[in-house]
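Asks: At position 113 of the sequence shown the residue is numbered 666 (the working numbering), and the sequence of numbers has no breaks.
Check the hints yourself; a few may be wrong.
Below are the DSBU-like pairs computed for lysine-lysine, each with C-alpha atoms no more than 30 Å apart in a straight line [as the list claims (entries may be wrong)]:
{"#": "1", "residue 1": "K610", "residue 2": "K692"}
{"#": "2", "residue 1": "K674", "residue 2": "K689"}
{"#": "3", "residue 1": "K590", "residue 2": "K610"}
{"#": "4", "residue 1": "K622", "residue 2": "K689"}
{"#": "5", "residue 1": "K686", "residue 2": "K673"}
{"#": "6", "residue 1": "K602", "residue 2": "K673"}
{"#": "7", "residue 1": "K686", "residue 2": "K602"}
For the record, the hints were derived by calculation from the structure and aren't laboratory data.
It should be emphasised that the depicted structure is a prediction, and the values quoted were computed from it without experimental measurement.
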Amino acid sequence: MEEIEGLEDLNQALIVKERQSNDELQHARKELINGLKDMGTVHATIDVKRMGELEVKQFLPTCKQKFGKDEAESRSALYCSHWQEELQQSSWHPFTVIMTEGKSKIRYPVPELWNFKEDKKAMLQDGIQYILKQWKTHKRK
554 MEEIEGLEDL
564 NQALIVKERQ
574 SNDELQHARK
584 ELINGLKDMG
594 TVHATIDVKR
604 MGELEVKQFL
614 PTCKQKFGKD
624 EAESRSALYC
634 SHWQEELQQS
644 SWHPFTVIMT
654 EGKSKIRYPV
664 PELWNFKEDK
674 KAMLQDGIQY
684 ILKQWKTHKR
694 K
């Protein structure tokens, strides 16, 4: 009986430690995202992508075909703005609702650490390696 209680205590301690470690990692990830946003790098391999926000450049090719080069940029910005407003309305559900961090009522872009070279979500490790590489490069100059 004492052995079971000891194992339960150990299990509980491990659960608490895991939650603390996870909280620390999430905090580090948020700090890295905030730091990268402040850097404002152009054409970076690892940077911040605003998930849930439309990109004007995705509308541009279709607008060029339909309206021509002269009008394409203004039209693509107009369409992008219109659809971004639609997406932010909580009453509009064109697709299945996916909850992020338990929040589904308010729709707003969420900053995410992104690997633009591989076009996928970047791991915390990738972001730290990228920052260290940038730091070493600037340190040499």
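Asks: Please write out, lowest number first, the hints stated earlier that are contradicted by the structure.
Replies: 1, 4
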